[in-house]
Amino acid sequence: MINIALPKGRLGERVYAAFEKAGFACPSIKENNRKLIFENAESGVRYFWVKPSDVSIYVERGAADIGVCGKDILEEYAPDVYELLDLKTGVCRMAVAAKKGFYDDGERTLKVATKFVRVAKRFYAQKGRDIDVIKLNGSIEIAPILGLSDVIVDIVETGTTLKENDLEVVETVFPISARLIANKAAFKFNTAEIERLLAGVKKLLEETGDSL
Amino acid sequence: MSETVLKKEEQVAFALRSLYKKYGYLPYKMSKFEAYDLYASNKDFLVGDGVITFTDTDGKLLALKPDVTLSIIKNGSDDGAKQKVYYNENVYRISGETKQFKELMQVGLECIGDIGVYDIYETLVLACASLAEISDDFVLDISHLGVLSGVLDEVGAGEAFNRAALRLVAEKNEHELQTLCAAYSVAQANTEKLLTLVRSYGDANAVLNALAPVCEEGKAAEAYAELKTLCGLLQKGGYADKIRLDFSVVNDMKYYNGIVFKGFIDGVFKSVLSGGRYDRLMARMKRKTGAIGFAVYLDLLEGFQRQRSAYDLDTLVLYDGNTSLEELIRAVDGAVAAGETVRADKAQGKLRVKKLVDLTTGGRK
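Taken in sequence, the protein lines are chains A and B.
At position 204 of the first sequence (counting the first as 1) the number is 204 in the numbering used here, and the numbers step up by one without a gap.
Numbers given in the numbering used here equal positions in the second sequence, counted from 1, plus 212.
It is worth saying that the hints were derived from the structure and are not from the lab.
Be aware that one or more of the hints could be misleading.
[Stated by the list, open to error] Which chain A residues face chain B? A few, computed with CB under 10 Å, are given here:
| hint | residue |
| --- | --- |
| 1 | Arg34 |
| 2 | Leu36 |
| 3 | Phe48 |
| 4 | Glu76 |
| 5 | Tyr77 |
| 6 | Val81 |
| 7 | Leu84 |
| 8 | Asp104 |
| 9 | Arg108 |
| 10 | Ile155 |
| 11 | Val156 |
| 12 | Glu157 |
| 13 | Asn183 |
| 14 | Thr191 |
No experiment lies behind these values; they were computed from the predicted model shown.
For every residue, glycine included, the Cβ atom is placed at its ideal position computed from N, Cα and C.
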């Protein structure tokens, strides 16, 4: 039996559909109820829905053997897991954005608002830029408008929210997509099962031209 | 008796000490406090964890022992004889993740001196035997940093590339390794070599075959030969189905070189054993010889295969002021003689007991 942690929401549903096609079906997951754990003894699989940012914790601590989460989470928390496959879905990017026309003259400490504190610190440390990180939990875009910060480091999908708030992307930190991750110990003892899933999903990616 | 009283981690600690002793390793006892300097200069050796520090009465900065290996190296001498020691110590660290203090029970061994193939073989056998003491369902992942650094030398893309590539190899992250190679304009043949290191894992013979074309010359070829010899010996030694080759075992190259390994137990979420050859750490600490060793993290076994008992005690003897002492003593002694766990008390409280012997006035009625 392999335990799979999926992120709640559209991304998780899309990934489940791919796993189903790869031979890891669990019909009960489609029933409309409030259950959180779904099992199919026949295909030897147990799925559960968790908060997207918690997937890596479930996998790292072995409650799930494998899971699917965004590269943003992996970069922020750096869990000790295997990153086995880029699922090429949920594509977006981590970017620095600021009010239109903002120019960083480097003369004073840069105020950075973000949910991704470690990502922001690492990015500016590599540049040797002194920053003041302001940790926010949501609506990051409002920070530069109200003068709380100079820039934000956040996930940008289409850029519509930024545009509507008179903000623009200054630079890309790294590209993001959903990744298939595995617990290192679980991988040793379920190698064949995990490889079978991997091969199935890889084939699907090839057939669909990278769109799950 | 020992099985019911000792916890799993204590049973294992016991068995491991006797195992290492059998192979001629001597016990090493370290003091609880060490000068902080020792750890400050080799901080990364503790893999992301911090050191708990305080000042002594002279104002000197001390550390609550966070590790045993560094202390063993510091206190040893290069007098020619090999130093073979084992330890069983609690170490204290600040968790890199939660920033909380934590206590870890470690058992391990170190072999310091002129390290030859036999010493490496013996260390690997003892690593396997240590895992077997915990459970039959174990695997020992073995890697050789010589193979990795040999291939990276051939690529020759510089320090920053090597650091990033090693991290990706450790993650089995093929897709980003390809992107990284493209960004550094690494030749296709060398990219393939790196990818082979990620893709080849598992059965030793299969991996050695896949690796042969990757390790044809230089440092990688030497390392490959050593790896092959050791795998052959371990297979003959009865560990064929337990050892796997896996280059995702990437210990810090600042300290380690040569063979590195990690042990996994089915049912424990992370590696319970970790070790390798650390000549580089020796050199950093001004020692002239080589060294190899490993540690077993017994704290991870807490809860492993533990069966929650339905009872706290076999028998509870309830008594009050009217119970005759002779009768009470007879009841307790009788239960002890019958091999039961027994307690005499005036109330049951929340205790879960199999059998209740009520000698109170109410009970007699």
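### Task
Mind listing which of the numbered hints don't hold for this structure, in increasing order?
1, 2, 3, 4, 8, 9, 10, 11 and 12
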